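**Q** Work out the full structure, taking the sequences as your base and the hints as a guide.
Listed in order, the protein sequences are those of chains R and V. Per UniProt numbering, the first sequence starts with residue 1, numbered consecutively. Per UniProt numbering, the second sequence starts with residue 1, numbered consecutively.
If you're looking for bench data, these hints aren't it; they were derived computationally from the structure. Given the structure is predicted, the values throughout are model-derived calculations rather than measurements. Treat the hints loosely; a few may be bogus.
[Said to hold, decoys possible] Quick list of the computed label-pair ranges, beta carbon to beta carbon: (1) Glu-269/R - Asp-329/V: 26 to 36 Å; (2) Asn-275/R - Asp-339/V: 38 to 48 Å; (3) Asn-56/R - Lys-350/V: 47 to 57 Å; (4) Lys-350/V - Asp-141/R: 36 to 46 Å; (5) Asp-329/V - Glu-261/R: 22 to 32 Å; (6) Arg-79/R - Asp-339/V: 11 to 21 Å; (7) Thr-245/R - Gly-348/V: 34 to 44 Å; (8) Asp-339/V - Leu-176/R: 20 to 30 Å; (9) His-58/R - Asp-329/V: 36 to 46 Å; (10) Thr-268/R - Asp-329/V: 22 to 32 Å; (11) Val-295/R - Gly-348/V: 41 to 51 Å; (12) Lys-350/V - Pro-180/R: 25 to 35 Å.
[Unchecked claim] Calculated cross-link-like contacts (lysine to aspartate or glutamate; reagent style EDC-like; alpha-carbon spacing at most 20 Å): (13) Lys-350/V - Glu-83/R; (14) Lys-13/R - Asp-313/V; (15) Lys-272/R - Glu-261/R.
[Said to hold, decoys possible] Here's a subset of chain V near chain R, in silico, CB distances under 8 Å, partners left out: (16) Asp-313; (17) Tyr-314; (18) Tyr-321; (19) Arg-324; (20) Asp-329; (21) Ile-332; (22) Leu-359; (23) Leu-371; (24) Gly-373.
Cβ coordinates follow ideal geometry from the N, Cα and C atoms, glycine included.
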Amino acid sequence: MKRPLYEASTQYKNWRYSPERLSQIRTTMNEAAVGVIRKTFEAYEPGSSSNVSFVNAHEEHLLVTFYVHKISQLCGHFRFPEEVEATATSYLKRFYLKNTVMDWHPKNVMLTALFLATKTTNNPISLDAYASHIPNTVASDVLDLEFLVSQSLAFEFAVWHAHRALWGIWLDIQNLPDSPPDIAQTQSSIYDSALGHVRAARLTDAEFIYTPSQIALACISLVAPALAKKWLESKANITIPENQTDIPPRPSAAALSASIEAIESIITETGKVPNVEAVREVDRRLRTCKNPEKVVGTKAYLARKAEAEKKAEEKRNKKAEGQKTNGAGDVDPFGDPLAEPVKPGLVDYDDDDDDD
Amino acid sequence: MATKSNYGWLQGRTVRKGGHASSNSHTRSNTPQVQSTSTTIFGGGIKDPSGRTSEYFSMDDQCPVCKSDRYLNPKLRLLVSSCYHKMCESCIDRLFTLGPASCPNCDKILRKLAFSPQTFEDLGVEKEVAVRRRIAKEFNKRLEDFDDLRSYNDYLEEVEDIAFNLINNIDIPATEERIAAYKAANAALTSLNLQREEAEALALKEQEDLERREREARAAQLAQQEQQEREERQREERELIDKLETSQKDAHKIVAKSRIAAAKRSSARAASSSANSSLLGMSFGMDYAKLLKTRTTKVNNVPDEPHVPFLDDYYAYDDLYTVRAEGYDDIISEAVRRDREGIMRAGGYKVEEAWNRALLTAVAGLDAAPLSGLDEPNSLGDVDVVMESV
Numbered sequence: 001m002k003r004p005l006y007e008a009s010t011q012y013k014n015w016r017y018s019p020e021r022l023s024q025i026r027t028t029m030n031e032a033a034v035g036v037i038r039k040t041f042e043a044y045e046p047g048s049s050s051n052v053s054f055v056n057a058h059e060e061h062l063l064v065t066f067y068v069h070k071i072s073q074l075c076g077h078f079r080f081p082e083e084v085e086a087t088a089t090s091y092l093k094r095f096y097l098k099n100t101v102m103d104w105h106p107k108n109v110m111l112t113a114l115f116l117a118t119k120t121t122n123n124p125i126s127l128d129a130y131a132s133h134i135p136n137t138v139a140s141d142v143l144d145l146e147f148l149v150s151q152s153l154a155f156e157f158a159v160w161h162a163h164r165a166l167w168g169i170w171l172d173i174q175n176l177p178d179s180p181p182d183i184a185q186t187q188s189s190i191y192d193s194a195l196g197h198v199r200a201a202r203l204t205d206a207e208f209i210y211t212p213s214q215i216a217l218a219c220i221s222l223v224a225p226a227l228a229k230k231w232l233e234s235k236a237n238i239t240i241p242e243n244q245t246d247i248p249p250r251p252s253a254a255a256l257s258a259s260i261e262a263i264e265s266i267i268t269e270t271g272k273v274p275n276v277e278a279v280r281e282v283d284r285r286l287r288t289c290k291n292p293e294k295v296v297g298t299k300a301y302l303a304r305k306a307e308a309e310k311k312a313e314e315k316r317n318k319k320a321e322g323q324k325t326n327g328a329g330d331v332d333p334f335g336d337p338l339a340e341p342v343k344p345g346l347v348d349y350d351d352d353d354d355d356d
Numbered sequence: 001m002a003t004k005s006n007y008g009w010l011q012g013r014t015v016r017k018g019g020h021a022s023s024n025s026h027t028r029s030n031t032p033q034v035q036s037t038s039t040t041i042f043g044g045g046i047k048d049p050s051g052r053t054s055e056y057f058s059m060d061d062q063c064p065v066c067k068s069d070r071y072l073n074p075k076l077r078l079l080v081s082s083c084y085h086k087m088c089e090s091c092i093d094r095l096f097t098l099g100p101a102s103c104p105n106c107d108k109i110l111r112k113l114a115f116s117p118q119t120f121e122d123l124g125v126e127k128e129v130a131v132r133r134r135i136a137k138e139f140n141k142r143l144e145d146f147d148d149l150r151s152y153n154d155y156l157e158e159v160e161d162i163a164f165n166l167i168n169n170i171d172i173p174a175t176e177e178r179i180a181a182y183k184a185a186n187a188a189l190t191s192l193n194l195q196r197e198e199a200e201a202l203a204l205k206e207q208e209d210l211e212r213r214e215r216e217a218r219a220a221q222l223a224q225q226e227q228q229e230r231e232e233r234q235r236e237e238r239e240l241i242d243k244l245e246t247s248q249k250d251a252h253k254i255v256a257k258s259r260i261a262a263a264k265r266s267s268a269r270a271a272s273s274s275a276n277s278s279l280l281g282m283s284f285g286m287d288y289a290k291l292l293k294t295r296t297t298k299v300n301n302v303p304d305e306p307h308v309p310f311l312d313d314y315y316a317y318d319d320l321y322t323v324r325a326e327g328y329d330d331i332i333s334e335a336v337r338r339d340r341e342g343i344m345r346a347g348g349y350k351v352e353e354a355w356n357r358a359l360l361t362a363v364a365g366l367d368a369a370p371l372s373g374l375d376e377p378n379s380l381g382d383v384d385v386v387m388e389s390v
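**A** Structure follows, in structure tokens:
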């Protein structure tokens, strides 16, 4: 059996979760982070953590969702293509599956994720131009987090997008046997509102659970259920040639309907920009419960920095020590003497002067 | 160069122009004819028949013995002793005409004949070249003269050792002894190799001669062709004028007729000359091809297998969709398709490929069932790694 191409993507392999798993990841990470930060608080000022109200996993997610929305605003300002926006939102969401907002504030990570997305999608913009268009930001703010973000993404920069799948479906609808030839023009409102749903889906967890093609199909189905059904059936009805027995079965409308419905409900229920007041409240509380090791100027920050410095120093010393001991030993810097004479004829040392 | 020529002109001497006009001021291609008796003795120190190297010459030259410099004596010529000290010709005349005497710098006994012109600015290089030239004459064994590569390398090492000692004046007597011993032991082989080298040099020269002759022949042929062409054209013109004079016919017709005839002739000529030149080129090209062939057979034969980057065999959904040949009514790609000058497609963008990718994405993973439950490999381990490393 041949493997479908999509299953080779890192998106399928490493960034696909069940809904239960998603919420579990978020809660465990939040709990772990709270534990660590509480300990840090206690280490410097015992008893200080008792009246800190930490943000919970749901509030973290709310904040991230809000900054996903901010990315699309920023993209509109820069006139970036759809692909940059979609990629940047994926990066931001993926980043916060591995990190907590209490360590890294999304308002900073968002800028880096967007800048990274311009590069990975081949829409480059100069860093200075980018930073100068964003208030209170300098180039180093964007660059400092770049490696951290890349590392959290496990350097898997390629993302499959629902908006491209939507475009593909829209093109393919023109190929349906009984569709009017000018369907793309007369029905263009379907495409436009479906694209609106795709954008709303970016605010949700749909991309972690379903494939881009399923999300796109659900978005069309939200606008024109009959059309979506017709297209899916046309795909399901393509007969498999007899000489090709090693390909997977056709997508079946029956099996897909549950997924489509689930995506539809996700989009309609959670595909909204969070309430600004609620976000502001979370952000206010976040200021008090930030990881002190990550806030410049605090005691914990300085202590951690000193510790890191010490470790680096130790490493350097160890390296120098290693070199010294190596050098002192009786090891020939040019390697061991030749083991045995090389037999002639193995290598052709004839130069051009003597052609005999 | 200019200053020197001027001197010659002022003194009413004819200055011989060098083989190449573009030598820099630090070398002189034509040594000024010094009016000392010793010129004939010292002349021809540079052993380069091609004349590409020339005697070293500098405007700051100063004789270390008598301190006269080029300003005082424009004809100053410094020569190098066998102990690698410089001296001007008049000093050499003064010191060594009456027989061998000691060097003013190092007290080594020198003779007048042992002085030679300087080729390199750095006398260290001068010495090294001389030593190596001498060594190369004596130690001319080849790889074939040895049983294995190891012993050949040992031999090379020894030669290098001797050369180094001689250049840096280390243990000279012992080194000379080594050379003498080697000479005695390998006299026959050395002379044989010398003969071989001479034969090779001769063969190389013959080859070069052959190529040169071939080039000359081709150039001569070309010149001849051109000459022929010119003559023919002149003849045609004359004929035409004669005809116009004598004939009663319409002048336009005559001109047109002769033009056609001329065009025919020139095309025939071009064809024959191209055939000729291709014949010439072929003989040369064949030689070259033969040479190449022998070269390539010498290099061991590596099988040329095509490189296969990926060996996996994915299902790319290619039977689930087809890109419409007549294109789509598509607002997204409209700007690109309307772009007549192809500015947007300059980088190789093809709208068909963009459509293909969109269609592929539309059907990719349609049947993939969503995951459910918590039974999947724990990937939470990365979190600590990331947080730890920052």
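**Q** A separate judgement is required for each hint: does it hold in the structure or not?
**A** To see whether the hints hold, each was checked on the structure:
Distance hint check for Glu-269/R and Asp-329/V: the Cβ-Cβ separation is about 34 Å, which falls inside the suggested range of 26 to 36 Å. Our hint of 38 to 48 Å for Asn-275/R and Asp-339/V holds, since their Cβ atoms are close to 44 Å apart. Roughly 50 Å separates the CB atoms of Asn-56/R and Lys-350/V, a value that falls within the hinted 47 to 57 Å. Separated by about 39 Å at the C-beta atoms, Lys-350/V and Asp-141/R satisfy the suggested range of 36 to 46 Å.
The hinted window of 22 to 32 Å between Asp-329/V and Glu-261/R holds, with their beta carbons roughly 30 Å apart. One distance hint, 11 to 21 Å for the beta-carbon pair Arg-79/R and Asp-339/V, holds here, with the actual separation near 19 Å. For Thr-245/R and Gly-348/V, the hinted distance range of 34 to 44 Å is satisfied, since their beta carbons lie about 37 Å from each other. A C-beta distance of roughly 29 Å is found between Asp-339/V and Leu-176/R, which places it inside the suggested range of 20 to 30 Å.
Judged by the Cβ atoms, the range 36 to 46 Å given for His-58/R and Asp-329/V holds: they are separated by roughly 45 Å. For the hinted restraint 22 to 32 Å between Thr-268/R and Asp-329/V, the CB-CB distance of approximately 30 Å keeps it satisfied. At about 49 Å, the beta-carbon gap between Val-295/R and Gly-348/V stays in the expected band of 41 to 51 Å. Hint check: Lys-350/V to Pro-180/R, Cβ distance near 28 Å, so the stated range 25 to 35 Å holds.
Only pairs whose Cα atoms come within 20 Å are accepted, and Lys-350/V paired with Glu-83/R is accepted, the gap being roughly 18 Å. At roughly 17 Å between alpha-carbon atoms, Lys-13/R and Asp-313/V fall within 20 Å of each other, so this suggested pair holds. Between Lys-272/R and Glu-261/R, the direct Cα distance comes to roughly 18 Å. Compliance with the 20 Å bound is thereby established for this hinted pair. Hint status for Asp-313/V: holds, given a least beta-carbon distance of 6 Å to chain R, under 8 Å.
Nearest Cβ of chain R to the Cβ of Tyr-314/V: about 5 Å, under the 8 Å cut. The hint holds. About 6 Å separates the beta-carbon of Tyr-321/V from the nearest beta-carbon of chain R, less than 8 Å, and the hint is met. Here the hint on Arg-324/V is kept, as its CB sits about 6 Å from the closest CB of chain R, short of 8 Å. Checking Asp-329/V against chain R by beta carbon gives a least distance of about 4 Å; that is within 8 Å, so the hint holds.
The beta carbon of Ile-332/V is positioned within 8 Å of a beta carbon in chain R (closest approach about 6 Å), and the interface hint is therefore held. With its C-beta approaching chain R no nearer than about 4 Å, Leu-359/V sits inside the 8 Å limit, and its interface hint holds. Of the supplied interface hints, the one on Leu-371/V holds, with its beta-carbon coming within about 4 Å of a beta-carbon of chain R, less than 8 Å. Because the beta carbon of Gly-373/V sits about 6 Å from the nearest beta carbon in chain R, less than 8 Å, this interface hint is met.
Hint violations for this structure: none, all hints satisfied.
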